[in-house]
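2 protein chains.
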Amino acid sequence: MSADSKSGLQLRSLIKKSGELEISLVEVPTAEPSAEEVVVRVEATPINPSDLGLLIGAADMATAKASGSREAPVITAKVPDGGMRAMAGRLDQSMPVGNEGAGVVIKTGSSEAAKALLGKTVAMVGGAMYAQYRTIRASDCLVLPEGTLPAEAASCFVNPLTSLGMVETMRREGHKALVHTAAASNLGQMLNKICLKDGIALVNIVRSPGQADILRRIGAKYVVDSTSPTFMNDLTEALVETGATLAFDAIGGGKLAGQILTGMEIAANKNAKVYNRYGSTVHKQVYIYGMLDPGPTELTRSFGFAWGIGGWLLFPFLQKVGPAEAAKLRARVVAELKTTFASHYTQVVSLQEALQLSHLAIYARRATGEKYLINPNKG
Amino acid sequence: MSADSKSGLQLRSLIKKSGELEISLVEVPTAEPSAEEVVVRVEATPINPSDLGLLIGAADMATAKASGSREAPVITAKVPDGGMRAMAGRLDQSMPVGNEGAGVVIKTGSSEAAKALLGKTVAMVGGAMYAQYRTIRASDCLVLPEGTLPAEAASCFVNPLTSLGMVETMRREGHKALVHTAAASNLGQMLNKICLKDGIALVNIVRSPGQADILRRIGAKYVVDSTSPTFMNDLTEALVETGATLAFDAIGGGKLAGQILTGMEIAANKNAKVYNRYGSTVHKQVYIYGMLDPGPTELTRSFGFAWGIGGWLLFPFLQKVGPAEAAKLRARVVAELKTTFASHYTQVVSLQEALQLSHLAIYARRATGEKYLINPNKG
Numbered sequence: 002m003s004a005d006s007k008s009g010l011q012l013r014s015l016i017k018k019s020g021e022l023e024i025s026l027v028e029v030p031t032a033e034p035s036a037e038e039v040v041v042r043v044e045a046t047p048i049n050p051s052d053l054g055l056l057i058g059a060a061d062m063a064t065a066k067a068s069g070s071r072e073a074p075v076i077t078a079k080v081p082d083g084g085m086r087a088m089a090g091r092l093d094q095s096m097p098v099g100n101e102g103a104g105v106v107i108k109t110g111s112s113e114a115a116k117a118l119l120g121k122t123v124a125m126v127g128g129a130m131y132a133q134y135r136t137i138r139a140s141d142c143l144v145l146p147e148g149t150l151p152a153e154a155a156s157c158f159v160n161p162l163t164s165l166g167m168v169e170t171m172r173r174e175g176h177k178a179l180v181h182t183a184a185a186s187n188l189g190q191m192l193n194k195i196c197l198k199d200g201i202a203l204v205n206i207v208r209s210p211g212q213a214d215i216l217r218r219i220g221a222k223y224v225v226d227s228t229s230p231t232f233m234n235d236l237t238e239a240l241v242e243t244g245a246t247l248a249f250d251a252i253g254g255g256k257l258a259g260q261i262l263t264g265m266e267i268a269a270n271k272n273a274k275v276y277n278r279y280g281s282t283v284h285k286q287v288y289i290y291g292m293l294d295p296g297p298t299e300l301t302r303s304f305g306f307a308w309g310i311g312g313w314l315l316f317p318f319l320q321k322v323g324p325a326e327a328a329k330l331r332a333r334v335v336a337e338l339k340t341t342f343a344s345h346y347t348q349v350v351s352l353q354e355a356l357q358l359s360h361l362a363i364y365a366r367r368a369t370g371e372k373y374l375i376n377p378n379k380g
Numbered sequence: 002m003s004a005d006s007k008s009g010l011q012l013r014s015l016i017k018k019s020g021e022l023e024i025s026l027v028e029v030p031t032a033e034p035s036a037e038e039v040v041v042r043v044e045a046t047p048i049n050p051s052d053l054g055l056l057i058g059a060a061d062m063a064t065a066k067a068s069g070s071r072e073a074p075v076i077t078a079k080v081p082d083g084g085m086r087a088m089a090g091r092l093d094q095s096m097p098v099g100n101e102g103a104g105v106v107i108k109t110g111s112s113e114a115a116k117a118l119l120g121k122t123v124a125m126v127g128g129a130m131y132a133q134y135r136t137i138r139a140s141d142c143l144v145l146p147e148g149t150l151p152a153e154a155a156s157c158f159v160n161p162l163t164s165l166g167m168v169e170t171m172r173r174e175g176h177k178a179l180v181h182t183a184a185a186s187n188l189g190q191m192l193n194k195i196c197l198k199d200g201i202a203l204v205n206i207v208r209s210p211g212q213a214d215i216l217r218r219i220g221a222k223y224v225v226d227s228t229s230p231t232f233m234n235d236l237t238e239a240l241v242e243t244g245a246t247l248a249f250d251a252i253g254g255g256k257l258a259g260q261i262l263t264g265m266e267i268a269a270n271k272n273a274k275v276y277n278r279y280g281s282t283v284h285k286q287v288y289i290y291g292m293l294d295p296g297p298t299e300l301t302r303s304f305g306f307a308w309g310i311g312g313w314l315l316f317p318f319l320q321k322v323g324p325a326e327a328a329k330l331r332a333r334v335v336a337e338l339k340t341t342f343a344s345h346y347t348q349v350v351s352l353q354e355a356l357q358l359s360h361l362a363i364y365a366r367r368a369t370g371e372k373y374l375i376n377p378n379k380g
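Chains as they are written, first to last, in my numbering: chain X, 2 to 380; chain C, 2 to 380.
Okay, chain X solo, but in the shape it has when bound (with noise of 0.2 Å):
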């Protein structure tokens, strides 16, 4: 290790008992390795919806402001009275950002595992990656094919576990097709992929034309636009004819699920020959796993009693599957990463361009179809 890697940059976000958020960046020791652990150059590392609710939490962005100097920016913003109480549990903490990155390993600890990394492009999942530099359990390192750059592997592990997550809880909870939210996402597509590959009917909800369109061209055969006026009939005609009974959401907010658990009664009973006033008994699921629309959810129930909504998220679905299943996942990741899991950036930035108002402005926006990378150590 270089001397200069004996410390690094690392972007904090800190939410103050004033009602204050602060992002800024602070150069921290590099952890030496234990005998287990290796340090990493992170080199890319994506700014996931995911990461935004660390990053921002509460904060209202149109209050941002910028200070500090170029090489060391500041960003502050308000954090509105109403969304302090959910902000309890971090208040006055400074807290390192990022779930998942890639980079080079430079230097090991003792054991061989660590030892036999040297060198290697890893990809690596855990949080703190929005930092030039990582120390992390070798165990934890994916170590990716010769000839991958980290900026391919930056987002091996959040969307495509997700979107392989969504298949395989499909399959385990006995549903054959599913239904997908904000589905022109970089997960979205991920997740079309995987469907056309597996042969799997997927029912794509967007909010524009344009995003449709995204979708029909890799090849999504069933798009339906919540915009349209037409949508309650172009969904309902969708789940009549693939059968889907499991959605996932990433919008949360308003009233999207209760209308997708409604199609689903509706595609359920169309087939119904005796009726039953507590509705169909085939059970409608929608796993709301993202917060686009921070908003309640309103469900009209009018879809009988067999119906669930809740949330989902990848930590606790590998943990329930078992590391043996979840091995499995990592695997097909790794040998697809160049095709399935492929993910494109709009943007690859610097930390100290990650905490420009004109970027925040766009990647804070949670946009689909906007991604930002970092390189942490980009020259």
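Rather than coming from a laboratory, the hints here were simulated on the basis of the structure. These numbers were taken from a predicted model, which means no experiment stands behind them. Cβ atoms here follow ideal geometry from the backbone N, Cα and C, with glycine treated the same way. Careful, some of the hints might be misleading.
Unchecked claim - Sample of chain X residues at the chain C side, in silico, Cβ under 8 Å: (1) Leu55; (2) Glu169; (3) Thr170; (4) Tyr346.
To be verified - Mimicking BS3-like on lysine-lysine, the simulated pairs with C-alpha atoms at most 27 Å apart in a straight line are: (5) C/Lys321 x X/Lys321; (6) X/Lys18 x C/Lys66; (7) X/Lys121 x X/Lys256; (8) X/Lys256 x C/Lys7; (9) C/Lys271 x X/Lys79; (10) X/Lys18 x C/Lys271; (11) C/Lys7 x C/Lys18; (12) C/Lys274 x X/Lys321; (13) X/Lys177 x C/Lys108; (14) C/Lys79 x C/Lys66; (15) X/Lys17 x C/Lys274; (16) C/Lys222 x C/Lys79.
Fit chain C to the given chain X structure using the hints.
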């Protein structure tokens, strides 16, 4: 079987395509029992909230009118346009009503099992109980101990098995205490008796101080009033004390289900040592099993991602646990019929009286604490 039991009155509910509900009594021939069947003279059959769905459907009972004669009364009411879609499956079908009841076996088929029931008092479930006679499979009858009156056995199934089903669901899904809403209901009182007997902590949510008193008088320890200004604090305190992470909600509409999840999340985080921006990892569940408020369910999702809401019904539950477990639950009901599972009725009416506007106005309100019993053979 006497000559005059060859036919009997049966209550019917009809919703016409024109948007009119008609409730009437029709004289129907008593079905001859097959070898495995018996004929029961129905002497007691309750009006449960779960019966009202079929009896009045989506009709607006403020528009109800009486016609017909004293012997053959007819009730009509309008179904609002908005309610007609949910009625599509039953239009222009004259439907018998009444989930459960009890009576005396007056004729049997030729099998030994059927013949053994002659003269016995039995409880039944299966619909069409608002009738003077009901032909039913002997194996579907629950034979009651000598000295049990039909009125004591009328509510053997729906409320007792539902409340036992809640406790059994709690055990199977790994929760250790329960929350119940509209908790002063007949069912809610049974649930309190079960929980007191079995040593299970139960948080009762009621909607008035009077209802709270009813429950405290039967020994309930945790009673919180959702109309109190301190409701959220009271609820959260009870959740912290009991560790309840499973709720059964009879109301359905409004914000209550979400408030319960929020309270559970605050309770779960009380002992959390590390900030987790996805919320606590403790799974929090609400099952909606009723529809006292048919309006939308509004979830302000301030309870992380480890949560679920879903529909819950008795019959799918019994199917899921299987016949051996269901038989165990039924045996407990019979053993504790005069204690834990005793029902109290505020009125006993004939079929004709059930169709009087003055009575209808009371039982159609679904008011907690009001409970009607029909005796179709009332002299």
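Going through the hints against the structure:
no.	hint	verdict
1	Leu55	holds, 5 Å
2	Glu169	violated, 18 Å
3	Thr170	violated, 13 Å
4	Tyr346	violated, 24 Å
5	C/Lys321 x X/Lys321	holds, 22 Å
6	X/Lys18 x C/Lys66	violated, 62 Å
7	X/Lys121 x X/Lys256	violated, 47 Å
8	X/Lys256 x C/Lys7	violated, 53 Å
9	C/Lys271 x X/Lys79	holds, 26 Å
10	X/Lys18 x C/Lys271	holds, 18 Å
11	C/Lys7 x C/Lys18	violated, 33 Å
12	C/Lys274 x X/Lys321	holds, 23 Å
13	X/Lys177 x C/Lys108	violated, 49 Å
14	C/Lys79 x C/Lys66	holds, 9 Å
15	X/Lys17 x C/Lys274	holds, 19 Å
16	C/Lys222 x C/Lys79	violated, 43 Å
The structure fails hints 2, 3, 4, 6, 7, 8, 11, 13 and 16 (numbered hints given earlier, in ascending order).
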